[in-house]
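Participant: One letter stands for each residue in the lines below.
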Amino acid sequence: MRKYFLAATVCAAMISTIPLAMAKTLNFAHDLSFGAESNMDPIDGNRLYEAIILTYNRLVRPSYKTEEPEASLATSWSSNDKADVWTFKLRDGVTFHDGSAFGPEDVVYTFKRIIDPNTKSAVKAVLDIIKDVRAGEDNSVIFELNSSHADFPLLLIDYRARIIPEGSGDTIADTGIGTGPFKLKTLDAEGISEFVRFDDYWDGKPQLDGINVTAIADAGARQQALAAGQIDLLLGATEEQQNALGDGFNYQHIPSGAWRGIVFNTQSEEFKDWRVRKALRILADREQIIKRALGENGGIVSCDDPVAPTDPYLAKIDCPQDIEGAKALLAEAGHKDGLDIEVFTAPLDPTWAPLLEVYQAQAAKAGVKVKITSVPSDGFWNDVWMKKSATTTYWGGRPADQILNEAFRSGAKWNETYWNVPEFDAQLDVARSELDPEKRKEDYRELQVELFEKGGAFIPFHLNTLRVVAKDVTIPAVPSAALRWSDVTKN
Amino acid sequence: MMAFLDPISYYLADKIYYLVCTAMFITMVGLVVIKPSRRLLGRIWRHWNGRVGLCFIAAHILISVFGPWLIPHDPYTQFDLGEIARYYPPGLEFPLGTDDRNRDFLARVVSGGRAAIAVTCLTAILAISWGAFAGIFLTLMPRWVDGVVMRIVDALISVPWLAFLLLAMTLFAGARGFSFVPIVGFFYSLAVLRVVRAHATTIVALDYVTAARARGHRISWIAFHEVLPNCRDVILVELAMRWTWLLLAFAVASFFGLMVEIPAPDWSLMIASSRTLFLSYPYLFWPPVIMLSTLVIGINFTADGLAKAIGLDRRAADMV
Numbered sequence: 050m051r052k053y054f055l056a057a058t059v060c061a062a063m064i065s066t067i068p069l070a071m072a073k074t075l076n077f078a079h080d081l082s083f084g085a086e087s088n089m090d091p092i093d094g095n096r097l098y099e100a101i102i103l104t105y106n107r108l109v110r111p112s113y114k115t116e117e118p119e120a121s122l123a124t125s126w127s128s129n130d131k132a133d134v135w136t137f138k139l140r141d142g143v144t145f146h147d148g149s150a151f152g153p154e155d156v157v158y159t160f161k162r163i164i165d166p167n168t169k170s171a172v173k174a175v176l177d178i179i180k181d182v183r184a185g186e187d188n189s190v191i192f193e194l195n196s197s198h199a200d201f202p203l204l205l206i207d208y209r210a211r212i213i214p215e216g217s218g219d220t221i222a223d224t225g226i227g228t229g230p231f232k233l234k235t236l237d238a239e240g241i242s243e244f245v246r247f248d249d250y251w252d253g254k255p256q257l258d259g260i261n262v263t264a265i266a267d268a269g270a271r272q273q274a275l276a277a278g279q280i281d282l283l284l285g286a287t288e289e290q291q292n293a294l295g296d297g298f299n300y301q302h303i304p305s306g307a308w309r310g311i312v313f314n315t316q317s318e319e320f321k322d323w324r325v326r327k328a329l330r331i332l333a334d335r336e337q338i339i340k341r342a343l344g345e346n347g348g349i350v351s352c353d354d355p356v357a358p359t360d361p362y363l364a365k366i367d368c369p370q371d372i373e374g375a376k377a378l379l380a381e382a383g384h385k386d387g388l389d390i391e392v393f394t395a396p397l398d399p400t401w402a403p404l405l406e407v408y409q410a411q412a413a414k415a416g417v418k419v420k421i422t423s424v425p426s427d428g429f430w431n432d433v434w435m436k437k438s439a440t441t442t443y444w445g446g447r448p449a450d451q452i453l454n455e456a457f458r459s460g461a462k463w464n465e466t467y468w469n470v471p472e473f474d475a476q477l478d479v480a481r482s483e484l485d486p487e488k489r490k491e492d493y494r495e496l497q498v499e500l501f502e503k504g505g506a507f508i509p510f511h512l513n514t515l516r517v518v519a520k521d522v523t524i525p526a527v528p529s530a531a532l533r534w535s536d537v538t539k540n
Numbered sequence: 149m150m151a152f153l154d155p156i157s158y159y160l161a162d163k164i165y166y167l168v169c170t171a172m173f174i175t176m177v178g179l180v181v182i183k184p185s186r187r188l189l190g191r192i193w194r195h196w197n198g199r200v201g202l203c204f205i206a207a208h209i210l211i212s213v214f215g216p217w218l219i220p221h222d223p224y225t226q227f228d229l230g231e232i233a234r235y236y237p238p239g240l241e242f243p244l245g246t247d248d249r250n251r252d253f254l255a256r257v258v259s260g261g262r263a264a265i266a267v268t269c270l271t272a273i274l275a276i277s278w279g280a281f282a283g284i285f286l287t288l289m290p291r292w293v294d295g296v297v298m299r300i301v302d303a304l305i306s307v308p309w310l311a312f313l314l315l316a317m318t319l320f321a322g323a324r325g326f327s328f329v330p331i332v333g334f335f336y337s338l339a340v341l342r343v344v345r346a347h348a349t350t351i352v353a354l355d356y357v358t359a360a361r362a363r364g365h366r367i368s369w370i371a372f373h374e375v376l377p378n379c380r381d382v383i384l385v386e387l388a389m390r391w392t393w394l395l396l397a398f399a400v401a402s403f404f405g406l407m408v409e410i411p412a413p414d415w416s417l418m419i420a421s422s423r424t425l426f427l428s429y430p431y432l433f434w435p436p437v438i439m440l441s442t443l444v445i446g447i448n449f450t451a452d453g454l455a456k457a458i459g460l461d462r463r464a465a466d467m468v
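If you read the protein sequences in the order shown, they are chains X and L.
Mind the numbering: the first sequence is residues 50 to 540 in this note's numbering, read in order.
Mind the numbering: the second sequence is residues 149 to 468 in this note's numbering, read in order.
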């Protein structure tokens, strides 16, 4: 009898504590893509993304509406006339999770560590433009650049450029000490990592008591965990999952800037004529590709423009389906009786096969026969991509300047279309060092129009991220890299 | 060596599929019409699993031969149906609705077995003929040859065929489907070789083989005239059994997207793409599952019935 009484008491106690303990703790999952290697070092290749966005801050952060920089740990910034020396004024009265004060020496340390060739920093490629960084007067830091860059603050938005305390490089992977809204309590990359509210957060006390990040490797299992109430949100989901989950949740379609597409080698025998390339691109009905390959709100139409829909430098281009125009261009280029092409792909990305199936059906209307050849995922990036003259591709979202330089500058390592136009390269340099914002915008616009006219990349859409949120959680509908976690609430 | 098959592979699979189906149809009619085979069918029919197997196979043959004539849509057309860009619900026009690219799902289900049936039929024939001949010849060879070869076979049998298939796919980018035939055919023939060899060993020891040797006949003559006829039952059952396992092997490879090129229909590929939908769109998930499993079960049960009908115990054969 006593045994049963004890058991009943324990059960009752457990039941009554669960709602209390979970009342204001947000739960979400990560997909364990780096396994047990996952750690808290923001510039490590195995950084646990879902955790570093909670515990650290950047100097500048993206605004909620666009990818323009907004004050974070830096309150204001300015450059010299050549835009190669930048001064950032830092926020006063900020403390790290361990109680130490935040100051210029931490910023200097962080960025020296990022550009240090010995740290194997994954973000070095982006911030290599920094020549030197030093503390300035009056709580500020000064960046000296290798060349002019009018949009240097945009580079500092990179989600990995997060400030850590001076001298913490060897321990940061375990401690996770930053200035962010939540501090690390326990790190268990293969289980549940716990974070608790940082009461002295400079941007106001966070609304939640804590956040638990659980490792759930399988997408189906994450969906079930959400349906069962074990987690409160899915950071990325599909339309099929939305259909399966039903009306009990809120769905946010968030422009991600990531794109999928088909790249044609502009130097290859088959695609060296720009009319062929343009025909292959304008024959597509991009709205239909989105609806049929991704689902209703799966993406935003892109006119072969790699620049993200939220980017302030996005050019406005119109690109309706033009079958007759495509046929005419093909005939001009000597393919009066149609054209046969072969596109290589792999089961690496779930959107490639649907994209190709819809594109194939649309291309047939313009007399273009598309043969789809799929190879095993393993060898795709090394043996097929940039080796065969037409392949599928994917890119994550990047600021305009970065994506144009990484994917379309001649000689760039990932110039997948072998786009080799000296004037284009020259204009990239002009745009980067142009200090007048309006003129700079025009420079970038011309580059994008040029790519739509003659380029080799068919970019039908930018993906939307579908975020599924439990009804009792409010979370701003912005990309997770821009999200301010102190704003998130749960009832 | 296999790359030349590539551009025509699906076309070829389609033709072979029709040949296989027609041959099966003719065989089916023939079996019923010709008297001795009718007796064999009758004996298979006596066992309940033989009965189920024969029904499933007959249904599959009828669907694949006559199905495409009865369905108005072809499996490739992506329909423009106004507001609904995909997943059109089932109705009169599309009895099973449309799939994720707005194609008639019934048409895709009916033609979804083509590549699998054609490719695995070829593979089964290859595996059986090479495995059976090697098995019979080995028993007639000097003992040490038999010993050496069998140890090599043991080593090879431990290698997973999927690894070799992946290797071939990487080497001959795009040589899918038909690279399955020689590679998987070879690995499956090893198991056939062991079974047939085990059976042939008992025959080679019999007096009439010794007599044939004494008469001075060549090994090949003895193999074809004395041993092979006595192994026919085992080989027939092996053929049917291996075919079901090959269908499963093909389904596995196809599930991972290694076999059939999109947008060609294939049951296993359909299952792979709709497995996350089975709660929201069950009618897009179950039909290919049912088709694939009834075919596999059908052939397997018939093989079972056949083995019992001709007095072979499959469990004993499996253990070798």
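If you are wondering where the hints come from, they were derived from the structure by calculation, not from laboratory data.
Watch out, some of these pointers could steer you wrong.
As the list claims (entries may be wrong) - Pairs of lysine-lysine, BS3-like flavour, derived with a Cα cap of 25 Å:
hint, chain 1, residue 1, chain 2, residue 2
1, X, 321, X, 385
2, L, 183, X, 418
3, X, 420, L, 163
Participant: Evaluate each hint against the coordinates.
Facilitator: Status of the hints after comparison with the structure:
no.: 1; hint: X:321 with X:385; in the structure: holds, 17 Å
no.: 2; hint: L:183 with X:418; in the structure: violated, 52 Å
no.: 3; hint: X:420 with L:163; in the structure: holds, 19 Å
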